[in-house]
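Visitor: Residue strings, one per chain:
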Amino acid sequence: MSMRLATGGRVIDRTRPIEFTFDGRVMRGYEGDTVASALLANGQLLMGRSFKYHRPRSVVASGAEEPNALMTIGKGGRETPNVRATEQLLEEGLEVRSQNAWPSLGLDIGRINDFGARFLPAGFYYKTFIHPRPFWKHVFEPFIRKAAGLGPAPTRPDEDRYEFTYDFCDVLVVGGGIAGLIAARDAAADGARVMLVERGPHFGGRAVIDGDVIDGQPAEDWVKAVVQELAAMENVTLLTRCEGSGVYDHGYVLCDEAVSGPVRQRLRRVRAGHVIAATGALERPLSFAGNDLPGVLLASALRDYVVAHGVSVGDRTVIVTNNDDAYRTAKVLIEAGLRVPAILDARTEVDSPLVSEVKALGVDVHLGRALAKVLGPSHVSGVAVCLQAGEGAVMQEISCDCVAMSGGWSPVVHLWSHCGGKLFWDEERAMFRPDPNRPPTGADGKGFVTCVGAASGALTTAEVVASASNGTPPEVEPETTTPIAPVWIMPHGAGAKLRAKMWLDFQNDVKVSDVRLAAQEGFESVEHAKRYTTLGMATDQGKLSNINGLAVLSERLDTPIPQVGTTTFRPPYTPITLGALAGEAKGDLFQPLRQTPMHDWHVEAGAYMEPVGHWRRPYCYPKGRESHAQAVEREVKTVREALGMLDASTLGKLLVRGPDAGRFLDMLYTNMMSNLKPGRCRYGLMCDENGFLIDDGVVARIDEQTWLCHTTTGGADRIHAWMEDWLQCEWWDWKVHVVNLTEQFAQIAVVGPNARKVLEKLGGMDLSAEALPFMAWAEDELGGFPVRVFRISFSGELSYEIAVAAGQGRALWDRLMAEGQPFGMTPYGTEALHVLRAEKGFIMIGDETDGTVVPQDLGLDWAISKKKTDYLGKRGQMRPEFHKPDRWKLVGLETLDGSVLEEGAYAVARGTNANGQQNVEGRVTSTYYSPTLGRGIAMGLVARGPQRMGDILRFTRIGKEPQEARIVSPVFYDPEGEKQNV
Amino acid sequence: MSDITVSTPGPIGMITLRGAMEVLGSVVTKVTGCALPERRKFSVSGAYAALWMSPDELLLVCDHDEADEIAKRLTTELGAAFATVAVVSDARAVFDLAGPEAHRALAKLCPVDFPRLAENEVRRTRMAQVPAALWRHGEGWRVVCFRSVAGYAERLLTNAAA
Numbered sequence: 001m002s003m004r005l006a007t008g009g010r011v012i013d014r015t016r017p018i019e020f021t022f023d024g025r026v027m028r029g030y031e032g033d034t035v036a037s038a039l040l041a042n043g044q045l046l047m048g049r050s051f052k053y054h055r056p057r058s059v060v061a062s063g064a065e066e067p068n069a070l071m072t073i074g075k076g077g078r079e080t081p082n083v084r085a086t087e088q089l090l091e092e093g094l095e096v097r098s099q100n101a102w103p104s105l106g107l108d109i110g111r112i113n114d115f116g117a118r119f120l121p122a123g124f125y126y127k128t129f130i131h132p133r134p135f136w137k138h139v140f141e142p143f144i145r146k147a148a149g150l151g152p153a154p155t156r157p158d159e160d161r162y163e164f165t166y167d168f169c170d171v172l173v174v175g176g177g178i179a180g181l182i183a184a185r186d187a188a189a190d191g192a193r194v195m196l197v198e199r200g201p202h203f204g205g206r207a208v209i210d211g212d213v214i215d216g217q218p219a220e221d222w223v224k225a226v227v228q229e230l231a232a233m234e235n236v237t238l239l240t241r242c243e244g245s246g247v248y249d250h251g252y253v254l255c256d257e258a259v260s261g262p263v264r265q266r267l268r269r270v271r272a273g274h275v276i277a278a279t280g281a282l283e284r285p286l287s288f289a290g291n292d293l294p295g296v297l298l299a300s301a302l303r304d305y306v307v308a309h310g311v312s313v314g315d316r317t318v319i320v321t322n323n324d325d326a327y328r329t330a331k332v333l334i335e336a337g338l339r340v341p342a343i344l345d346a347r348t349e350v351d352s353p354l355v356s357e358v359k360a361l362g363v364d365v366h367l368g369r370a371l372a373k374v375l376g377p378s379h380v381s382g383v384a385v386c387l388q389a390g391e392g393a394v395m396q397e398i399s400c401d402c403v404a405m406s407g408g409w410s411p412v413v414h415l416w417s418h419c420g421g422k423l424f425w426d427e428e429r430a431m432f433r434p435d436p437n438r439p440p441t442g443a444d445g446k447g448f449v450t451c452v453g454a455a456s457g458a459l460t461t462a463e464v465v466a467s468a469s470n471g472t473p474p475e476v477e478p479e480t481t482t483p484i485a486p487v488w489i490m491p492h493g494a495g496a497k498l499r500a501k502m503w504l505d506f507q508n509d510v511k512v513s514d515v516r517l518a519a520q521e522g523f524e525s526v527e528h529a530k531r532y533t534t535l536g537m538a539t540d541q542g543k544l545s546n547i548n549g550l551a552v553l554s555e556r557l558d559t560p561i562p563q564v565g566t567t568t569f570r571p572p573y574t575p576i577t578l579g580a581l582a583g584e585a586k587g588d589l590f591q592p593l594r595q596t597p598m599h600d601w602h603v604e605a606g607a608y609m610e611p612v613g614h615w616r617r618p619y620c621y622p623k624g625r626e627s628h629a630q631a632v633e634r635e636v637k638t639v640r641e642a643l644g645m646l647d648a649s650t651l652g653k654l655l656v657r658g659p660d661a662g663r664f665l666d667m668l669y670t671n672m673m674s675n676l677k678p679g680r681c682r683y684g685l686m687c688d689e690n691g692f693l694i695d696d697g698v699v700a701r702i703d704e705q706t707w708l709c710h711t712t713t714g715g716a717d718r719i720h721a722w723m724e725d726w727l728q729c730e731w732w733d734w735k736v737h738v739v740n741l742t743e744q745f746a747q748i749a750v751v752g753p754n755a756r757k758v759l760e761k762l763g764g765m766d767l768s769a770e771a772l773p774f775m776a777w778a779e780d781e782l783g784g785f786p787v788r789v790f791r792i793s794f795s796g797e798l799s800y801e802i803a804v805a806a807g808q809g810r811a812l813w814d815r816l817m818a819e820g821q822p823f824g825m826t827p828y829g830t831e832a833l834h835v836l837r838a839e840k841g842f843i844m845i846g847d848e849t850d851g852t853v854v855p856q857d858l859g860l861d862w863a864i865s866k867k868k869t870d871y872l873g874k875r876g877q878m879r880p881e882f883h884k885p886d887r888w889k890l891v892g893l894e895t896l897d898g899s900v901l902e903e904g905a906y907a908v909a910r911g912t913n914a915n916g917q918q919n920v921e922g923r924v925t926s927t928y929y930s931p932t933l934g935r936g937i938a939m940g941l942v943a944r945g946p947q948r949m950g951d952i953l954r955f956t957r958i959g960k961e962p963q964e965a966r967i968v969s970p971v972f973y974d975p976e977g978e979k980q981n982v
Numbered sequence: 001m002s003d004i005t006v007s008t009p010g011p012i013g014m015i016t017l018r019g020a021m022e023v024l025g026s027v028v029t030k031v032t033g034c035a036l037p038e039r040r041k042f043s044v045s046g047a048y049a050a051l052w053m054s055p056d057e058l059l060l061v062c063d064h065d066e067a068d069e070i071a072k073r074l075t076t077e078l079g080a081a082f083a084t085v086a087v088v089s090d091a092r093a094v095f096d097l098a099g100p101e102a103h104r105a106l107a108k109l110c111p112v113d114f115p116r117l118a119e120n121e122v123r124r125t126r127m128a129q130v131p132a133a134l135w136r137h138g139e140g141w142r143v144v145c146f147r148s149v150a151g152y153a154e155r156l157l158t159n160a161a162a
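Chains as they are written, first to last, in the UniProt record's numbering: chain E, 1 to 982; chain W, 1 to 162.
Please note that the accuracy of each hint is not assured.
[Said to hold, decoys possible] Mimicking DSSO-like on lysine-lysine, the simulated pairs with C-alpha atoms at most 30 Å apart in a straight line are: (1) 72/W x 735/E; (2) 960/E x 979/E; (3) 41/W x 735/E; (4) 677/E x 72/W; (5) 41/W x 72/W; (6) 761/E x 30/W.
[As the list claims (entries may be wrong)] Computed footprint of chain W on chain E; a stretch qualifies when at least three of its residues, placed anywhere within it, have a C-beta under 8 Å from a C-beta of chain W: (7) 62-72; (8) 163-170; (9) 459-472; (10) 650-661; (11) 725-739; (12) 798-807.
Derived from the structure by calculation, the hints contain no laboratory data. Ideal Cβ positions, reconstructed from N, Cα and C, are used throughout, including at glycine.
All chains should be modelled from the sequences, with the hints used to inform the complete structure.
Guide: Shown next as structure tokens:
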């Protein structure tokens with residue numbers, strides 16, 4: 001059965017047939033068809049099943065507001081669920097699948113829910129599934145998840161390309177109907193840079209469908225001329241299939257553009273001086289029993305299908321309305337050779353030229369009448385007619401196969417409302433309109449969004465053009481209309497049985513009875529009623545249901561509509577795919593990974609890399625079939641016995657310079673830095689205002705006014721910002737500059753008893769203990785490389801850290817590696833670094849600290865100046881809490897059996913706390929197997945730890961009995977520090 | 001946009017100067033001939049360019065091999081003035097985008113109003129997920145970012161130009 005009309009269809013090209021499949025069946029449409037119009041043309045009225053009751057559904061609309069006809073488009077890496085069939089353009093070979101039906105669209109077992117509908121009222125889930133609790137997880141949830149749902153999420157990686165663009169304009173016009181075109185033309189004439197975005201594939205909006213006459217020409221010709229005029233202007237950008245989706249502060253507008261070509265979707269991130277919302281209006285359904293049956297659709301949508309696509313939904317259409325606009329549908333249908341057996345108009349008096357014109361065409365217009373119910377069962381077979389003022393007593397039945405309904409129009413105020421534009425209720429027009437006196441305001445306190453055309457509440461073409469133009473509007477014949485009669489349920493006195501069949505939200509299956517029940521149960525706020533009933537919470541965000549729903553709520557509460565108010569309009573206007581939101585950020589562009597100058601060497605050497613912030617650092621360098629643990633053990637032993645090399649380039653390097661630099665560093669570090677001699681280094685601690693330890697590192701004094709502060713890898717940017725914060729906001733008059741040189745230098749740690757030998761082999765500078773003692777630094781040439789050599793140690797071994805310009809880092813690394821071979825050189829990674837420092841009892845920011853630890857907890861009192869009058873954190877550290885005798889403090893821990901304690905294990909104490917949890921008296925902060933000592937070593941924070949040397953504690957193990965460990969000194973290796981000071 | 005090419009010029013010398021603008025300006029002019037750039041602009045003299053970075057910061061661009069020497073002269077000329085000179089050439093990665101439409105590729109990554117960017121304007125901005133600076137260079141654009149993200153930046157630019 002084909003429902004394609006013999007003629008007509010202004011957007012389809014009958015010379016270009018297209019084949020596509022629907023649920024595997026091959027169908028044909030034409031270029032210009034949407035999936036919805038093509039399905040209708042193929043006689044496929046049934047397009048989906050409803051979410052909750054699995055009722056059969058077909059299209060009710062023709063655009064963005066469509067709640068029912070959601071499809072899965074494509075397959076594999078190109079599958080997109082929940083696509084509105086009314087907006088998906090037909091393409092050759094397109095694969096379209098229906099959703100939410102099992103086992104098939106035609107035979108759906110879930111339909112059983114419908115017969116049990118009285119068992120699934122509003123709040124049913126909340127009420128039913130709370131008890132017994134286990135039933136929810138094991139019985140109800142799996143069943144509901146199977147039965148209810150939209151399209152499944154794709155499981156394959158997305159194969160398409162997406163991109164952003166950043167656009168700028170003075171005026172952004174959203175909507176390419178006649179109002180948008182007029183507004184764009186006027187703005188462009190003033191010389192403004194104008195962008196006009198239209199979400200559909202064509203300009204002109206409803207005027208073209210409804211055959212308006214503008215400036216004496218058919219709307220179609222007028223639109224064509226204006227579009228040509230705009231396209232020729234240099235200061236105008238015209239875009240179709242590009243939705244203005246969301247308006248944000250400062251004129252930021254997100255536009256979602258569908259693209260044909262290598263890029264599938266483009267997210268335009270527009271900064272607009274002013275936004276003109278010419279977004280039109282949406283027709284409202286009427287709430288009568290059976291208004292969700294396939295064959296019932298909006299009157300304007302039916303005009304769209306007939307005029308734009310040349311398809312009909314049925315041969316005999318009954319029109320039901322409360323306003324004049326639906327009469328246009330009668331004209332269109334009759335012109336197309338279809339029958340209109342009756343118009344049921346809820347109004348009792350109607351007197352307008354359009355109505356007379358339709359009557360003159362021979363259509364029976366029944367005033368004061370309502371639709372009592374649609375006769376089914378699975379699609380429209382007729383309607384039962386009653387009085388609108390009555391309770392639904394059937395006066396006559398009319399057979400038909402299509403019902404066109406119009407409950408009036410709601411301006412699309414979304415873009416106006418996203419940033420706080422306010423609405424007012426226009427009683428006469430029965431609509432919420434943007435209140436021009438309360439627009440969303442920009443930084444200057446002035447409104448930055450204007451609504452024009454139908455979006456502003458204009459109803460006739462004359463009103464539309466007048467609202468859109470700021471000069472002389474185009475000439476349009478004024479229209480005389482009979483005002484709308486607000487109708488929120490049909491008939492007015494419908495009883496419970498009829499109300500339970502009146503759908504408000506088609507997608508989420510919310511009915512008039514549900515909203516009334518919510519009100520009855522005390523959900524009086526529109527926001528509460530929404531969440532209790534799920535009205536307007538589906539993917540269409542209640543475009544068709546919100547106003548009708550709140551009107552029903554208002555009637556039930558006996559509160560006027562404006563007092564009930566609307567729910568919040570939130571962007572985006574229609575769903576945006578995650579691919580579009582991600583843009584280019586996928587695959588190897590997902591996240592910037594930071595690489596040191598020696599990165600490629602590490603990779604070639606087979607290093608196992610670990611993430612450290614955005615850096616990738618070698619964790620260890622396994623040789624042959626070595627496990628990571630074996631590699632770490634070998635690396636540690638080699639460093640202790642011979643020679644190792646670490647890429648330390650990621651350490652932060654902040655140059656601090658100026659007449660007040662010494663004073664500044666004395667405030668930032670807990671110890672003195674101003675009295676450090678040029679050529680010397682000092683280890684320092686940094687705390688926040690509360691006294692908590694936030695970073696540590698070695699500071700080198702370069703000259704009288706210059707210090708170089710090393711930070712942790714993760715601290716480089718954070719501490720730079722911290723310094724600038726204090727300099728810019730608090731000590732703005734101190735003469736200090738901070739320059740972040742982290743990436744200017746590659747830094748290589750050469751560590752082990754043979755360290756001096758290899759450096760001397762490179763030669764060029766005096767590296768003797770006398771010339772360059774422990775904690776000194778020198779600037780010179782090493783093997784021809786200009787370097788700074790810092791004699792500092794994080795391992796307890798003889799150690800030099802060599803800084804060289806990053807561009808020469810790899811060359812120096814290669815040279816050291818080669819020259820080091822005779823001395824047993826091995827590269828080592830971050831894990832060996834950790835083990836080496838733990839053996840020496842050196843703390844690590846982020847292991848021994850977690851934002852609640854003060855330096856005193858870690859036994860670092862020696863690094864806190866007693867002489868300084870102030871430093872950041874000094875006052876915080878005076879708090880009594882930090883001086884309590886049972887404060888958890890740093891100790892070493894060794895298990896009695898030599899095994900390794902678990903990471904983060906807690907020391908078990910007697911008894912339980914108020915919550916019935918086991919009391920604890922300490923925790924492990926670092927724990928490793930020490931290759932040097934041949935057993936497990938750990939550091940931890942323990943209550944009164946340092947006073948309990950030799951005590952044995954019990955530490956938790958996951959899934960096992962606690963493990964015993966003895967409290968010992970945290971310095972496990974070379975406590976006198978002889979090895980590093982040679 | 002296949003007519004856009006992304007290339008990496010050899011290492012380029014860069015020197016950060018911090019201090020009062022008038023102090024920096026006179027010294028930069030003396031050493032390189034570059035006039036003190038206006039706010040958000042850059043000035044050029046021969047092989048040198050002076051770029052305005054912030055109210056108390058300039059970036060001097062020169063030959064890579066010359067950077068240390070220029071920095072020394074700037075430091076000497078600044079004398080006792082409160083100012084800081086630091087060579088940062090190796091901290092940066094540099095890319096050149098050539099082609100009349102090159103700004104279209106950059107407009108996919110940077111929130112910059114390219115058509116309204118002045119001829120001699122330097123723009124510190126964000127390029128996708130990393131900080132960057134850019135200015136007009138020959139028939140296209142020069143883009144500078146941090147060295148550690150050079151690989152990411154190159155893939156970004158190549159992808160955007162494709």
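Visitor: Each of the hints needs a verdict: does it hold here or not?
Guide: Consistency of the hints with the structure:
At roughly 21 Å between alpha-carbon atoms, residue 72/W and residue 735/E fall within 30 Å of each other, so this suggested pair holds. Straight-line distance between C-alpha atoms of residue 960/E and residue 979/E comes to about 39 Å, which puts the hinted pair past the 30 Å bound. The suggested pairing of residue 41/W with residue 735/E holds, with an alpha-carbon distance near 26 Å, which does not exceed 30 Å. At roughly 23 Å between alpha-carbon atoms, residue 677/E and residue 72/W fall within 30 Å of each other, so this suggested pair holds.
Distance check on the hinted pair: residue 41/W and residue 72/W sit about 25 Å apart at the alpha-carbon level, within 30 Å; holds. Between residue 761/E and residue 30/W the CA atoms are separated by roughly 43 Å; this puts the pair beyond 30 Å, and the hint is violated. Counting residues of the segment 62-72 of chain E whose beta-carbon sits less than 8 Å from any beta-carbon of chain W gives 0, not enough to reach three: the coverage restraint is violated. Given as covered by chain W, the segment 163-170 of chain E passes the check, having 6 residues with a CB less than 8 Å from a CB of that chain where 3 are the minimum.
Requiring three or more residues with a Cβ within less than 8 Å of a Cβ of chain W, the coverage given for the segment 459-472 of chain E is violated, as only 0 such residues are present. Three residues within the 8 Å Cβ limit are the bar, and the segment 650-661 of chain E against chain W gives 4, so the coverage statement holds. With a threshold of 8 Å between beta carbons, the proposed coverage of the segment 725-739 of chain E by chain W holds, since 3 of its residues qualify and at least three are required. A stretch counts as covered by a chain when three or more of its residues have a beta carbon under 8 Å from one of that chain; for the segment 798-807 of chain E and chain W the count is 3, and the coverage holds.
Against the hints set out earlier in the document, violations occur for numbers 2, 6, 7 and 9.
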